[in-house]
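Residue numbers (my numbering), protein chains in the order written: chain A, 98 to 318; chain B, 38 to 86; chain C, 1170 to 1416.
Among the hints, erroneous ones may be present.
[What the hints assert, rightly or not] Quick list of in silico lysine-lysine cross-link-like pairs, DSBU-like style, CA-CA up to 30 Å: (1) C:Lys1186 with C:Lys1400; (2) C:Lys1286 with B:Lys80; (3) C:Lys1186 with C:Lys1413; (4) C:Lys1400 with C:Lys1173; (5) C:Lys1190 with C:Lys1413; (6) C:Lys1403 with C:Lys1324; (7) C:Lys1403 with C:Lys1177; (8) B:Lys80 with C:Lys1409; (9) C:Lys1324 with C:Lys1186; (10) B:Lys80 with C:Lys1400; (11) B:Lys80 with C:Lys1190; (12) B:Lys80 with C:Lys1403; (13) C:Lys1173 with C:Lys1406; (14) C:Lys1173 with C:Lys1403; (15) C:Lys1400 with C:Lys1413; (16) C:Lys1177 with B:Lys80; (17) A:Lys169 with A:Lys110; (18) C:Lys1173 with C:Lys1409; (19) C:Lys1190 with C:Lys1400; (20) C:Lys1186 with B:Lys80; (21) C:Lys1324 with A:Lys169; (22) C:Lys1177 with C:Lys1324; (23) C:Lys1324 with B:Lys80; (24) C:Lys1403 with C:Lys1186; (25) C:Lys1409 with C:Lys1186; (26) C:Lys1177 with C:Lys1400; (27) C:Lys1190 with C:Lys1406; (28) B:Lys80 with C:Lys1406; (29) C:Lys1173 with C:Lys1190; (30) C:Lys1409 with C:Lys1177.
Treat the hints as calculated values from the structure; they're not laboratory data. Quick caveat: nothing in here was measured; it's all calculated off a predicted structure.
This is what each chain is made of:
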Amino acid sequence: MNIYQQLFLRDLKVSMKRWSDLLTGIIMFILVAFIFPLIAGSDQDFMHRIIGPVILLSSLLASLISMQNIFKPDLNNGSLEQLVLSTHSLSGLVFIKILSYWISSSLPLVVVSSLIASAYYVTGIDIAKVMLTVLLATTTLVNINSLAAALTLGVRYPGALMTLILFPLSLPILMFGSKAIEYSILGMDISGPFYFLTGMMLLSFSLGPIATAFAIRISID
Amino acid sequence: MDMLSMGDYGFFVWSSFLISFLVFLINYISAQRQFTSVLNEVKSHNENE
Amino acid sequence: MNLKQIYKYGSPPNYFKLSLKAENWFLIPGILLIIVGCLGGLFIAPPDYQMGHAFRIIYFHVPSAYLSMSAYAYMAGAALVGIVWRSNVAFSVAKSIAPFGASLTFLALVTGMLWGKPMWGTAWVWDARLTSQFILLLLYLGYILLHLSIREQRKADLAASILALTGVINLPIIHYSVVWWNTLHQASTISKLSSPSITGDMLWPLLVMIFGYGFFFWGVICRVVASEILKREKRSKWAKQYIKELQ
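Full structure from sequences and hints, please.
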């Protein structure tokens, strides 16, 4: 078993142990999505119009709240430093970390989004399309989050900074993601937004780990 | 007087002018003051050695 | 080509002296061009057929918007040079551009709102250009805040430069996302927001203002870069020498 597989499994095991941290993100996702109909009205037309933005916004806020869990715990227990000092490519190791973080934090969101979609009166195959949108959008969001987390590793109170970095960079994903959901509900052709989301996913998974690795090196030594 | 009222749009046009002028002035003055404060900082640093 | 002539300006004392010498060569033409442009735009250019005198705001809005975007590109370029060549001078330039760039973006937004209120009845419109300017302001503020938050200067330089580079990559994506979004939603306002084709009489003050803003901007940046370089190198011999020569 090479280092990448070992790191992957280790990260999954560690995040299972810290399941309460994962839960914060999922709970945030559910609560934000549920608050909207309660305070803004719940007739079917309205719900169909706002489900796109609501789901994307909930994913953004969920990722924001759990952003510090990507690197901070590993920085605190010294394992991040070991990764940096090892002879392996830090970009590759960071890629594995981001991948395992995505699996542990965002796959539950994909499952939960199906429940939320049905609560928003979405039926049939459209629920699968909503889940697919969340799947694709969260991949890019996870990369942007790790970059922001890595840049603010050394900062003591990174709150405003994280939001300020995250928001402009994630705007295209939010726009195209909510468009994708809107199109699926209207029954229109969804290939346009989906191609964009897939393209952004590939771009972010290829450049993200490199930039994040660079940022980690800066913040650590 | 037409140039002051700009055909009812006077407030908007002259406010744009005024705020642009102010922003440029503030940036210019802050640059000058920043430079003199750095000069003083270096001077006192030299004297302390 | 003798590259040494260019490389020597990578060293702080040379760039410092160059900046101070160049400052007035930028400031004075800048101020003159701005004065001429203001006179031309506010008084000489004829009032517009549709918009009356309110179109004169264009002479303040367009140059600041254009300069705010090109300043961000320069900042990202300086950040790249700093990362690749590990150049303190380049990092100083990038750090110095940010505050003025942010205030230009702010100016573009405010003058845009002052133009929008009489023209479309509303101060804010969700079109591609205004929204991109707002996002640009956030990118500038993030850069400045990152510099302020990280104590150690070398780390702050590198981290903020990464932010500047990711911002510059994202800026076209964001702009075209909003354009695409708007073509689907607000077809009615597109015709209102497309730039009017502009006649020669109205065009020349605009060009003069654009150049004037640019020159003045670089004049101020020269002074700020000089302060930044001096602050970073306050312990060095050349700084002591410079202070002695001043007295």
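Checked hints:
no.	hint	verdict
1	C:Lys1186 with C:Lys1400	holds (14 Å)
2	C:Lys1286 with B:Lys80	violated (51 Å)
3	C:Lys1186 with C:Lys1413	holds (15 Å)
4	C:Lys1400 with C:Lys1173	holds (26 Å)
5	C:Lys1190 with C:Lys1413	holds (18 Å)
6	C:Lys1403 with C:Lys1324	holds (19 Å)
7	C:Lys1403 with C:Lys1177	holds (20 Å)
8	B:Lys80 with C:Lys1409	holds (8 Å)
9	C:Lys1324 with C:Lys1186	holds (26 Å)
10	B:Lys80 with C:Lys1400	holds (11 Å)
11	B:Lys80 with C:Lys1190	holds (21 Å)
12	B:Lys80 with C:Lys1403	holds (9 Å)
13	C:Lys1173 with C:Lys1406	holds (23 Å)
14	C:Lys1173 with C:Lys1403	holds (26 Å)
15	C:Lys1400 with C:Lys1413	holds (16 Å)
16	C:Lys1177 with B:Lys80	holds (26 Å)
17	A:Lys169 with A:Lys110	holds (17 Å)
18	C:Lys1173 with C:Lys1409	holds (26 Å)
19	C:Lys1190 with C:Lys1400	holds (18 Å)
20	C:Lys1186 with B:Lys80	holds (18 Å)
21	C:Lys1324 with A:Lys169	holds (18 Å)
22	C:Lys1177 with C:Lys1324	holds (25 Å)
23	C:Lys1324 with B:Lys80	holds (27 Å)
24	C:Lys1403 with C:Lys1186	holds (15 Å)
25	C:Lys1409 with C:Lys1186	holds (14 Å)
26	C:Lys1177 with C:Lys1400	holds (20 Å)
27	C:Lys1190 with C:Lys1406	holds (21 Å)
28	B:Lys80 with C:Lys1406	holds (13 Å)
29	C:Lys1173 with C:Lys1190	holds (20 Å)
30	C:Lys1409 with C:Lys1177	holds (20 Å)
Going down the numbered hints, you'll see the structure goes against just number 2.
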